[in-house]
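Enquirer: Each chain, written out:
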Amino acid sequence: MTETSDLEQNPTIAKIRNWRPEAVAGLISFRDELTVVVYREHLRALADFMKSGPDLAFTYLSDVTGMDRFPIEPRFELNYHLLSLSRRDRIGLRVRLSGEDPVVDSVVSVWPTANWHEREIFDLFGVRFEGHPNLKRLLLPDDWEGFPLRKDYPVEGPR
Amino acid sequence: MTTVQTAVGPEQTMVLNMGPQHPSTHGVLRVLLELDGEIIVKADVDIGYLHTGIEKTAEALTYSQAITITDRMDYLAPLSNNLAYCLAVEKLLGLEVPKRAQYIRVLLTELTRIGSHLIWLGTHAIDLGAMSVFLYCFREREELLKIFELVSGQRMMTSYFRIGGLALEPPLGWIGRVQNILRTFPSRFDEYEELLTKNRIWLARTQGVGLLNADDAIALGVSGPSLRGSGVDYDVRKYFPYSSYDEFDFKVPVRKEGDCYARYLCRVAEMRESLKIVRQAVEKIPPEGPIKADAPGIVPPQREKMKTEMEALIYHFKIFTEGFAPPAGEVYQRIESPRGELGCFIASDGSPKPYRMKIRAPSFVNLQALEKMVEGKLVADAIASIGTLDIVLGEIDR
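Residue numbers (the working numbering), protein chains in the order written: chain A, 77 to 235; chain B, 33 to 430.
Be aware that a few hints might be false.
Far from chain A by the CB rule (all over 12 Å, computed), these chain B residues [unchecked claim]:
{"hint": "1", "residue": "Thr84"}
{"hint": "2", "residue": "Asp159"}
{"hint": "3", "residue": "Leu182"}
{"hint": "4", "residue": "Glu226"}
{"hint": "5", "residue": "Leu252"}
{"hint": "6", "residue": "Glu336"}
{"hint": "7", "residue": "Lys339"}
{"hint": "8", "residue": "Phe356"}
The following label-pair restraints were derived from C-beta to C-beta distances [claimed, not checked]:
{"hint": "9", "chain 1": "B", "residue 1": "Phe170", "chain 2": "A", "residue 2": "Pro150", "range": "47 to 53 Å"}
{"hint": "10", "chain 1": "A", "residue 1": "Tyr115", "chain 2": "B", "residue 2": "Glu174", "range": "52 to 58 Å"}
{"hint": "11", "chain 1": "A", "residue 1": "Gly102", "chain 2": "B", "residue 2": "Gly263", "range": "53 to 59 Å"}
{"hint": "12", "chain 1": "B", "residue 1": "Phe170", "chain 2": "A", "residue 2": "Glu221", "range": "41 to 47 Å"}
{"hint": "13", "chain 1": "A", "residue 1": "Glu149", "chain 2": "B", "residue 2": "Glu66", "range": "41 to 47 Å"}
{"hint": "14", "chain 1": "A", "residue 1": "Gln85", "chain 2": "B", "residue 2": "Asn49", "range": "52 to 58 Å"}
Derived by calculation from the structure, the hints in this document are not laboratory data.
By construction, the Cβ of each residue, glycine as well, lies at the ideal position given by its N, Cα and C atoms.
So here's chain A without its partners, still in its complex pose (with noise of 0.2 Å):
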């Protein structure tokens, strides 16, 4: 994992580093794919500026992806794997989010796709969405207890 400085030459960055330099929390650069990460502070309204912001038109949204780093803190990361069809490029957002804490504005607004997403999510890792139209789960039945994906949530499942 890398973070150089020429990662600040690529536009799109130089877009969101102009907009609001407060949110970037880092940059990675890992196999030629481009991560940008965010405080959570912040998603809601970098959402917004990546989709409808002056030649950014990142309006695909592709997948939003879980994982626990458990026990490092702070433990949960989403990533959001974004595409501009018209510009035929792609990026990725990161935010952490703290185990005592796992909360994070919903982008369902921006992306209707990210509903599933975010109900995957907040089935399997337990990490709540601010804003969601319908956060109940949606793959294990309503009365399952826990979140299977932690990393603390043993294979056989909990005894």
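Keeping the supplied structure of chain A fixed, place chain B upon it in accordance with the hints.
Expert: Below, chain B alone, put in the same frame as chain A:
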């Protein structure tokens, strides 16, 4: 069909529970339909009946072992799943796969696409009352399964693509079998089209049904033929080429109408394009050459070498006891599966097991569009709409 406006209170509606055991849901999908007479007021999609925790299971397996569970997600296109996963791990490792293996991968995934579209066409047709197409499609698919069995030993759970290349050298004469398909299939496709394309019942059941416009489709993340039937030409093979797809000449069929009929035409045209790719691949594949990358410690050594070289034997032992450890980092690899953008996200922490593997299943995302497609429409059209999305519950629930 025109949208019917409904203005009735909840006391006049009825909730109909469709599925999970219902043949036209293509698996175990449950849809709660709130009905006003025959008009759907609200559709609530309930999934998860086939959830087996594949992503959690992968965290307990080594990188090579996890290939086997990728087969079981989209069971109509196991090779596409293998490909997405292998490409992701190869990206993580920075591993280059020999051209010969890349072309064979392209050839087999395109045959998979045809096979998957045949199942879709057959089941979609039977949902809408055309029985014979179903039988024909399964007859042709059998030929494809025979080829998969020939190269990998398995009809469905192939696990034929491995990290760094292919599992084994395809047997002699397999290209002949592929050429057989190239010869016979075009006329078979004509046969289906004769039965359906201008069939009045088929037109009545599909035209103007399950409408989805381009903006909604993009906002909902729809991909694959379901998106291209709405006039967006997004195809991963063209937008972000992988596995040497940029060396192949093919078109991406796009239709503007956004209804079930448009998606039907897209998929049928896609099968013909896939045959075109297969034909080019047959010409491109060199008769001899490596099918695995030269990467000791990651790709198992050749049998012959293990009998003569001690290092090879040690590597072999270590690969299968410990596995190999890619550098720490995260990658997201997308491919065009028969259903759309199939993404594989892998996070490595530098250990021999994937720290996190996430599959972005195209059916999972496409199914979200169902509510939009059926609300205000007839129940019978809901069947057509589920069919046209070409969902596989195995990859939706994972």
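Enquirer: State the violated hints by number, sorted upward, taking the hints as numbered earlier in the document.
Expert: Violated: hints 1, 5, 11.
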